[in-house]
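Colleague: Residue numbers (my numbering), protein chains in the order written: chain A, 1 to 157; chain B, 1 to 394; chain C, 1 to 354; chain D, 1 to 623; chain E, 1 to 327.
These aren't lab readings, by the way, just hints derived from the structure by calculation.
Careful, some of the hints might be misleading.
Below, in silico cross-link-like pairs of lysine to aspartate or glutamate (DMTMM-like), each with a Cα-Cα straight-line distance of 20 Å or less [stated by the list, open to error]:
1) K98(D) with D557(D)
2) K74(A) with D288(C)
3) K7(E) with E227(B)
Derived Cβ-Cβ restraints for the label pairs, each shown as a range [stated by the list, open to error]:
4) V60(B) with S174(E): 26 to 36 Å
5) Q223(E) with L9(A): 17 to 27 Å
6) R230(E) with R57(B): 29 to 39 Å
7) A280(B) with S70(C): 46 to 56 Å
None of these values were measured; they are calculated from a predicted model.
For glycine and all other residues, C-beta sits at the position ideal for the given N, C-alpha and C.
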Amino acid sequence: MALSCNPTLLIADEPTTALDVTIQAQIIELLMSLQQKYNMAILMITHNLGVIAEMADEVAVMYLGRIVESGTVKQVLDNPLHPYTIGLMRSVPRMGAPDQKRLTPILGSVPDPLAKVEGCAFHLRCPVYKQKGCSGKDVPPLVEVEPGHFVRCLLYH
Amino acid sequence: MMSGMKHYKETADYINKMYNRQSQLDESLADQMRESEKIADATSQWRLMWRKFKRNRIAVVGGIVVLLFYLVALFGDFIAPYTLEQRMTRYSYLPPQRVYFFAGGRFQPHVYALETGRDPITLQRTYVPNPDKRIPIRFFVEGAPYKLFGLIPARRHLFGVEEGIISLFGTDGQGRDMFSRIIKGSQISLTIGLVGVALSLLIGAVLGVASGYYGGWVDNVVQRLIEIVRSFPPIPLWMALTAALPQHWSPLLIYFTITVILSLIGWTWLARQLRGKVLALREEDFIMAARLAGASDRWIIFKHLIPATFSHIIVISTLSMPSMILAESSLSFLGLGLRPPLTSWGVLLQQAQNTQVLLLYPWLMLPGVFVALSILAFNFMGDGLRDAADPYTV
Amino acid sequence: MCVACCIIDDHEKGETRMTGDNTILEVKNLTKHFPIYRGFLRRIVGNVQALNDVSFSVAKNETLGIVGESGCGKTTLIRVMMRAYEPTSGEMLFNQNGEMINIYSLNKRELKELRRHMQIIFQDPLSSLNPRKTVLEIIGEPLLIHGVARGQELKSRVSELLDMVGLSVKHLERYPNAFSGGQRQRIAIARALALQPQIVLCDEPVSALDVSIQAQIVNLLQDLQKELGLTYLFISHDLSVVEHISNRVAVMYLGSFVELAPSAELYRNPKHPYTEALLSATPIIDPDARRKRIILPGELPDPSNPPSGCKFHTRCNYAEEVCRTTVPAWEEVSPGHWTSCHLAKTLSLRGVLK
Amino acid sequence: MRKKALLLLLVVVIVMSGIGINAAPKYKEAPELAKLARAGQLPPVEERLPKEPLVVEPVESIGKYGGTWRRAFTGINDFHAFGRQVYDTILRWPRDPKDPIKPGLAKEWYWSDDGKVLTLRLREGLKWSDGHPFTTADITFWWYDIELDTNITPAPHPEWVIDGKPMELEVVDDYTIKLKFPKPNGLAETVGLAFHGNQWPLGFERFGFFAPRHYLEQYHPRYNPKATYELFEEKAIDYNTERPVMTAWKITEWGPGATRLVAKRNPYYWKVDPAGNQLPYIDEIVLTLFEEVEALNLRAIEGGIDFQFRRMSLSNYPSFMMNKDRYGYEVLLWPDAVPSKLCYYFNQSIEDKGLREIFQNPKFRQAMSLAINRDEINEVSYLGLGTPRAFVVVPDSPYYDPNQEQLYAQYNPELANKLLDEIGLKRGRDGYRTRPDGSRLEIIVEGMEWDRATTDEMELVVAAWNEVGVRTSMRTSSRELYWTRACGNEIQVSTWVESRAIDPMVDPIWVFPYDERSWMAPAFGNWYASGGKFGEEPPKYIKEMMDLYDRYKTTVDRDEQIKIAKELLRRNAEGCFVIGTVGLVPNVVVVKNDFRNVPETFTTDWIYMAPGTLDPCHFYFDR
Amino acid sequence: MLSYIVKRVLGMIPAILIISFITFVVIQLPPGDFVTSVQAQVAASGGGMDAATVEALRARYGLDQPMIVQYWRWIRGFPKGDFGFSLEWNAPVWDVIAERMGWTLLLSGLALVFMWVVSIPIGIYSARNQYSLGDNLFSFLGFLGLSIPDFMLALIWLVFGTLVLGIPAYGLFSPEMVDAPWSMAKFLDLLKHLWAPVVIMGVIGTAELIRIMRGSMLEVLNQQYITTARAKGLPERTVINKYAVRMAINPLISVLGMQVPKMISSSIIVGLVLSIPTIGPVFLRSLISQDMYLAGSILLFTSVLLLISNLLADLALAWVDPRIRYE
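The shape of chain A in the complex, shown without the other chains (with noise of 0.2 Å):
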């Protein structure tokens, strides 16, 4: 259905959360394909890491309604720099690695998004915080780290 009016940009929303392996695959591959058909771009959507790394080109990581890093898959994936990034990347256990032997989880949970936090938004469940004054009144600002790469964090500034 969404594509009877020859789209140029398809946004999927979450197109396979929620859907077995294998099926989720039929649905990645149906997409790629789609995608050399009528030469579109995609929006995807998604908190799979594992999907992203396998189709998409670039990556924006979201936090509590922001951006906090930016950049081509092979750079956030392989190189994260928001500590948030970092988090996820390390609490997610990872197929055929059974070297990993602890998954080092980001403490806390996801606030209420209704709560206002100040600040960098991560900073209650960030290691670093106490380090740095994240607490500030200030959102801190997307920064270039490297050509393409952006990141959202006092750190790099």
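Starting from the known structure of chain A, fit chains B, C, D and E onto it as the hints suggest.
Modeller: This is chains B, C, D and E only, laid out in the frame that chain A set:
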């Protein structure tokens, strides 16, 4: 301030290191971290419900009106200036009196004395207030004796007059104060709903929960029963059943039988709702968890299912009150329900079922206003409760 | 009652077993069919074969992972194991002080007693906690039911449990809705541990949680296992989590086990085409490792009308004639590595690259 | 309006005569009938009318033909709404109750000297509405094939049975018939021929003295083996539109579920006005069905009814008065011959022996009567239009005794209390009296729901009795249930809207325990009616009254009858057998301004089939 | 589909039998019988009836037989369309109520139509303008309608309409039109009488329907396919009418079955007050006079009407919403 662009990898390493250290942090820090998480107050489901309910302005107003109605009904004998037996035949069909609050600049509530007469042509009663003769309204006056709550003998009334008459809502043909009659009527009209709902609840809750929880043949039998009862249109069935009442029964017995009849039909809705609720609950993991913890059926029904449906029961009861009140007044109106000397809003309305009442004595329709008001209030309150009752949305 | 079966001939039964004494749980040929009724007379017209001839055993202090897609029978397995459903056939033996007791032959009271040793953690921490009960009531419920503790003692026991799962005692009087998902799951874990069970069935315990929270719970489960010497049966559809936490992993398809092996072995060296497909379909967080996925054609067959022969043959890329006609045997292809595939020995399948 | 005015009200002298009018040269008829007659579809009017038509003396004036009389009724049970407009009997009640019985279908009648044979002479040439001659055969058919056929009528009407023997008929010729009894029959003229003597032996009322033999014979199993009694009943019933009638209008439209009843002019009707116009003047009567009395009243208030008093409620009087000019009608108040609108029977044969003893004490009943404030009731319930009085016949009655009018009917609570103290009903600490043995005294007044006014009245009476220390409560129920219980001797104090106050002897249920409907003692009444087979034997003071009535029944001497009736009524009044409150409460009569021949005032009594004696056939529209 | 209908209809037969039996028992509950009530009627107008007549009448009507026999006498005629004999009207039950049944159905049906016609647009409006002044106003008006008893509305209308506005407030036709043959004038006359009772009956249920429609519309408007439809650039009108309303109307259809009994009840009461020839007045009368076959048949008919309306509602639901399957 600037770590420099080149050093970003070092920063990332630093963050990683901190993560590694964090995993070795002692529990107290973890605890502290968790404390910072969003944790609502120690809120029970009831408190949550109340908080949500409070936010709904109309529902609160409805609730206050309902509460007020019941308070007035409870203290009716005290609030009403007259008893049911008091007839002031001199003042039959007296229109509602105007109350004046100030006399000579002083707060002194009073009414005017009335000159009574009859219109020579239409033979209608006429009442001419005499502004020169003020009758002060007194509070906590001695009046006709009554028994508060049917127990405590008393003579004091909230307000009254020492001579003449005080009739806020006018009088009926026998010169009985409508204000007092409406209050007395509320005692029956409002309780008939309560008792009826309570009985419906009893039947509906037992059958509904049993049918939902046990399923199988129990469910089947109950469902068929409900189907059959529901395949009768309510008013005709009520009519047929109340027509069957031996009318020489004592008023009290009639009153209770009517509530039983009302609830005989009312319970199906409740049972259905509860069954659905229980069916859903039965599949909830916490029921499974309790069962796996070794809980017996009884434990599950009484510790989990019934409390879980409690808010629903309250909502459903509130929402079925209007139909009970309406049913009572409709049946009484048709002459099939309660009869004088029992005084309910329906009975009062039945007596107002006259063209001449509407044309000449419209204040006799006031009980209808109270029926409507109470239904409105119950509906508003029930709606608010329903919105507030869902425990899963905060 | 039941001292049913002390003599078990492992090899003939063809089931995986660790050494006798070490076995805590043994499931034998467990089958569950749900009848389908139709028509006015409610005749049985068919069966949904939710669980088909499943056999395995679990050793003490081990974590056995079970993976499979939705509808494969994971949940049915758990429910049958907890005896929420009666099985159509098969038995489940539980090691109680060295005696293997078939739980399906127990009466109500004995069952209640036995259940103390076997508890469950559900997937959805929201629905598994009664929203109307306080933490104290929820965690204390099993203790009350079994008459283990009450009053002040109950309170202190529950406090201990809360502490054990990393929650503050201050939370004792709060209601579930005051907690975050991770915390709720901690409460659920505390409840499961209240009766000091030996084995805990974890039914997708982290699937409903936020990615960043999953790790907390996984770690907690691992810590508790170490601390209390627990045995886990860890059910999930997430292959990476299962790999991370499990000693051995079983793969289910359409109500049957298709493969069972120590996790490293299974992930590197799958012997069943379905396992291979699952592994290849699971996206890996490594942008360099984009692989060719094996796309299984079609959808899961109707469990009330499963395919003949090997149930997987309809979607298998390697299927041969024999797969269509003959049900493959459950065989040990290499030590500790069981599978049911006609072609297990001939095929060379791709595991997860390292 | 005081009841004394009543005497003056009957200003209209009614002359009904079958004698001496045979000289009328030519009769006139309604234009529509004339047209039919000219077309040959009807015989000429002279041939349709009997030799000596009954001449109706107009209340006001000679009328004009035409118009539809709009009335309203409440359904199939409201047969009187139509039935009383067509009062056509063998003999007729006079318009003034003090006058003697008048001729009707019979032009003359006389008793044999011993009072055992009554000879009736019918008008010659009377015809049914289908043109078939009306003869004595229609009477014998009624008597032998309906009244005496137990398949249809289980027992003949009591006025035709003397000492257990049914009357015998002797047909002299087509117009002459003799009624023979073993003893003089004092009820034959009044009850039998004037009250019951109409064409409806079946149906709700089961009144009748004749039936259309030529029509009904074909449905009677005795004459037609294929017929059934069910079919016969269906055909004989009042509402059958096929059935020939002797009335001024004939029902032409009515069926199951219908919402209106239409009756059209009978072309063979046997009455004329003094100018020789064949009656009725009005073409048709249309009764519209109203499910609810209030809607019916509303219909009248907004001028949708031409003339009617039935079902008009007095409490709506102000509304009528306010709207009468707007909608062009007049509102009259006709006194109703009720001794009291609502009356109270203390059941002297109640099972509870203690209560029975108290109720049988005349002093108790007198006290209860004295305790009632009748003026208050009159004001509250009857707009002050009734007459507070004792339960006695109305001044129009031949048995009236002015001395009884206010007997124990003044409001005198002191005297009431004194009487109650005297008979040993002492007041307890709570102010309520106990029985002589000290046990609790509580009486229950029961009634059915009539209307607001009567309920108000009952409540006032109950309050009054509580005032004098007799603990009283009240219950109301539906008519059906109430009736059954009252007749079953189950009610302590019953209430009823009792009429028959012009000639109560026609059906003396309130005079003494006559049958189970005499709620002053249903068990004794049952004993009397069944000749001692059922019920309970009454005490002496009641037996004496029964003997008096036996004497009344078996004399045809009117003076003797009046003497006996007065004696009976004296005993009744002095003993307060029935307690009345407010009587002669007027009926509200709605008359359209152009509706004529309706008198200013007229005493209505249902026994007299009001307004039947006014001859509704001569009402007309002055348009 | 067809077999489903057949199955449902066949399934109604045992239901009708059970209902008829219960009905009969209920109708027989009051003490006394039709003859007693005839007696009382005769008495009320001054006449009398002796014991022998009473017994004979009882035998004639079969009232002296055991209840089960009387019940059998009643139901055995059902297949032939014979619902017994009304003792009071002295006519077959069907003849008495056939026309009234028609009026009852017409009134109830029109009231239902009224409710729908009023509540759907208001529901849509309220959902699209949530918490606006109009939304609040409509829901307040709806609640007001919900809370005023229908008999009171009817009573007020009866007097107000007739005497103040001079509009005919009772009956279905003006008296001069009752007998007239059908014509445009008669039809208009009928409409003039009909609208008020229809509105009176309809207002009670309108509030509920508005609420359901509003809620369901809100839910649908938040659905993804509505967002998709909007994203595709479809005009808002099409989105609302073609997608949203069609889906949102489902819950309305499922309460249709519940609305019917309310309308029937209402038609009885309104019919009584406004003197409309619905089955209401006849029913009340038959209950009081214990005309058992008549009362029983009316109760039975209304119940069957309910069964049928439930069936129709189910079918309509299935027709509108293809997700529902017949099992």
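Colleague: Now, for every hint given, state plainly whether the structure supports it.
Modeller: Hints, verified against the model:
1. K98(D) with D557(D): Since the Cα atoms of K98(D) and D557(D) sit roughly 16 Å apart, the hinted pair holds (cutoff 20 Å).
2. K74(A) with D288(C): 8 Å, holds
3. K7(E) with E227(B): 17 Å, holds
4. V60(B) with S174(E): 26 to 36 Å: 50 Å, violated
5. Q223(E) with L9(A): 17 to 27 Å: 22 Å, holds
6. R230(E) with R57(B): 29 to 39 Å: 33 Å, holds
7. A280(B) with S70(C): 46 to 56 Å: With Cβ atoms ~21 Å apart, the hint is violated.
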